[in-house]
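Undergrad: The listed protein sequences derive, respectively, from chains U and L.
Take the first sequence: its letter number 116 is residue 116 in this note's numbering, and every next letter is one higher.
Take the second sequence: its letter number 198 is residue 441 in this note's numbering, and every next letter is one higher.
No lab work stands behind these hints, which were simulated from the structure alone.
For clarity, every value in this text was computed on a predicted model and none was experimentally measured.
Errors might be hidden in some of the hints.
Where chain L lies over chain U, by a calculated footprint (3+ residues, C-beta under 8 Å) [unchecked claim]:
| # | region |
| --- | --- |
| 1 | 87-99 |
| 2 | 110-122 |
In the DSSO-like style, the derived pairs of lysine-lysine whose C-alpha atoms are separated by at most 30 Å in a straight line are [claimed, not checked]:
| # | chain 1 | residue 1 | chain 2 | residue 2 |
| --- | --- | --- | --- | --- |
| 3 | U | K140 | L | K363 |
| 4 | U | K230 | U | K192 |
| 5 | L | K259 | U | K178 |
If you want a taste of the chain L side facing chain U, the calculated C-beta under 8 Å gives, among others [what the hints assert, rightly or not]:
| # | residue |
| --- | --- |
| 6 | E289 |
| 7 | G367 |
| 8 | D373 |
| 9 | P403 |
Positions of the beta carbon are idealized from the N, C-alpha and C atoms, including for glycine.
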Amino acid sequence: MLFRRARILMNKVVTSADVAVADIVSGSTIMLGGFGLCGIPENLIAALVRRRITGLHTISNNMGVDGFGMGLMLEAEMIASHIGSYVGENRRLETLVLNGKLDLTLVPQGTLAERIRAAGAGIPAFYTPTGLGTVVAEGKETRKIGERTYVLEQALHADVALIKAWKGDRYGNLIYRKTARNFNPAMATAAKLTIAEVEELVEPGELDPDHIVTPGIFVNRIVVGEAYRKPIESKFIQSGGAA
Amino acid sequence: MTGKERIARRIAREFKDGFYVNLGIGLPTMIAAYVPAGMDVMFQSENGMLGVGPPPTEEEADPDLINAGKQAVTELPGCSFFGSEESFAMIRGGHMDMSVLGAMQVDEHGNLANWTIPGKMVKGMGGAMDLVAGARRVVVAMEHQTKDGASRILKACTLPLTGTSVVHDIVTELCWIRVTPEGLLLIEVAEGVDAAEVQARTEARLIVSPALRTMTAADYGL
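With the rest of the complex left out, here is chain L (with noise of 0.2 Å):
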């Protein structure tokens, strides 16, 4: 199992029946082939639909029906079409019950950076400062660290932010992290990996919560 997939599974594992649940674009959008049988979970994507279902086969594939991440996706029974100022009501008036995204830094204080590099990338934010602000519950779902090693939980932000104080959890390959007044409280370790390698590949200082566990394999759904 690839540190991409343990996190998409173990968030999968957190969804309740009759969730509403934005995936933000990239490692989010795997969550979804692993929600708990059984489990009715509905997706939104930002664009204007709620009820994503599976992407299509190539004679399924429909240019008027994409996700947010310009991907080709199908349609579940019960599904339903509005327009951008309608999808961020739902956004922005707090009847998401969970936005999962992705992120380039967050901080001690919630505070997530996920969309620029200023001088090397002009992308834009899309949607995800309005979901982070309007979202019942933010959770972050990203590799612990950067491809050269760096932390990415730093003690602040150093790029520009998305939002401040918005992230509630913060989900890697290595660990669950839960953002509190306090600070980062780490609740969570996968198999393998104790607090002490967490905190030494993290910036910011981390909490040991007194009832930390172990993940296990049925917390991957496996």
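Bound-form chain U, shown alone (with noise of 0.2 Å):
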């Protein structure tokens, strides 16, 4: 049986950042990867704080810092609401919260990431050891599976999953570069509509498909992120001889 080559070609990639997030509106529940500011759709975000849409209901580990990444969504008061694991380096949030400004829920960092992950599968919930105990197990259902008592836990679902990969085909298949890549995979999977802009777009082939990380099928729409500022966080650089 012969296979033969589609004469329309499938093309995902957009020319811009801005066209790539031009219909994302109010009220939208967006997932962002990144962790810290490591990996973080930096263009796309810079494009959605020049769109000024606003009520949004955030999903990302961090909430970047005073000045980047997702603080600039902060600052343009974007966010209405945020499940996040750790947010101890913004400050502004903090305020925010402690004035009941922000809807904040800080959630476990491997059961955030299992919540995508299942979102993404078709897994409406698992049980988890996880929080067992704690502030973050009250009102959910528990039950005692051989030994352990574990909490169950819900998928998580977003409209839109902004990500960013290191390398990038027409399709959509992406590869990643070192720990900047995080939670991009599983929230490319858990949205309706994947973003994701990478450093670098490639023809179909280049990547080792035996290396592809996200296979196209979970991005929609990619973009070639127009620059990349990339900050180091703490930088605890070795000061001579051996650390």
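The two chains are supplied separately, each in an independent frame; assemble them into the complex guided by the hints.
TA: Pasting the structure below:
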């Protein structure tokens, strides 16, 4: 049997970050990849801030820092609620939460990752040992399975996922670089619309199929980031000699 | 030798060749520098890396290569990268030999509080709740008392918990305490410190091990 090459080529590439986020509306639930400032979709965030939409429900491990990453969305008063595991680097957020201006839900990092993974994998909920006997388990169903008791956690879906990869092709196949991978591959699977920004767009076939981390089926749009600042939050630099 | 260095050095002597270990932010991170010579221990960073190396030089620093404390790190030969979901699968799934964390409070039941002070601090638990729920051995590394001299080892934690009955060992600059079903067992004291002094500086009731020993230079790798 012969397979013919499709005449209309699948092409998910959009021309700019602004075009990529042009139809995201106020009140959306948005996942944003990254850990700290590492592997964040900084060009998509900047484009979203230019749109000035509001009332967003964000899901991301952190909340950037004052003046960069998601910190910019916070300063533009775009965020109504946030689900994350650690927001300690953002003092503005701490103030907003303590004053009741922003609805913050803290979730253990592994539970956050698994809730996102579960959403993408069609698993509505799962039992985990994490958080048993803590505030995290309050109001949740628990169940003893074998020797241990577990907490029932629900899958976490989003309208949009904004993710960052290293290289991608027009089919949306993605590879990541070092620890900039973090939440990006899981989030790519868990939203109705996944937009990936990459540092480099390559021709289909250039990425070794054995090395692709996010297969293109999970990605709807792909855009090359215009510029990368990529600050390092904490430069603990070796001062000479063995550390 | 500072108290913190003493703690870091002592815990490093508990590693075994081939261990996979997660070190928490702050004091626990210091332990990596004291792994006994010739021992192969692989450090995990929960943001998605196994085989974390020492801090980089200014030229080596790479924004795509950080640890869970958001500090620039380096790669060791044999290192690997993975996503957050897989990172916590290895943590929750019981694959980590040891997790070393800092603490605000620990109590007689092995309960741990290390993530929040209600009304004062909004930071988050990060990966701590998963680590204490999943690691095979959970070691708390902390200074024995607060800066104000209050005990951190209590009859019952007063701060919101990170996990219940999760701590196996508590290491401070004064001693090594093992959490047992009977209570807190004092098994080692630092040189110049006796059981009575440790108890005087601890709110929780300590059971003094019949095999109580005094740490020597070898316990610090010296």
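Undergrad: Against each hint, give a clear statement of whether it holds in the structure.
TA: So, going through the hints one by one against the coordinates:
Counting residues of the region 87-99 of chain U whose beta carbon lies closer than 8 Å to any beta carbon of chain L gives 7, which reaches the threshold of three, so the coverage claim holds. Counting residues of the region 110-122 of chain U whose beta-carbon sits less than 8 Å from any beta-carbon of chain L gives 7, enough to reach three: the coverage restraint holds. For the given pair, K140(U) sits about 26 Å from K363(L) by alpha-carbon distance, which is consistent with the 30 Å threshold. About 27 Å separates the Cα atoms of K230(U) and K192(U), which keeps this hinted pair within 30 Å; it holds.
For the given pair, K259(L) sits about 27 Å from K178(U) by alpha-carbon distance, which is consistent with the 30 Å threshold. The beta carbon of E289(L) is positioned within 8 Å of a beta carbon in chain U (closest approach about 7 Å), and the interface hint is therefore held. Among the interface hints, the one on G367(L) holds; its C-beta lies about 4 Å from the nearest C-beta in chain U, closer than the 8 Å criterion. Hint on D373(L) holds. Least Cβ distance to chain U is approximately 3 Å, under the 8 Å limit.
Satisfaction of the interface hint for P403(L) is found here, the shortest Cβ-Cβ separation to chain U being roughly 5 Å, below the 8 Å cut-off.
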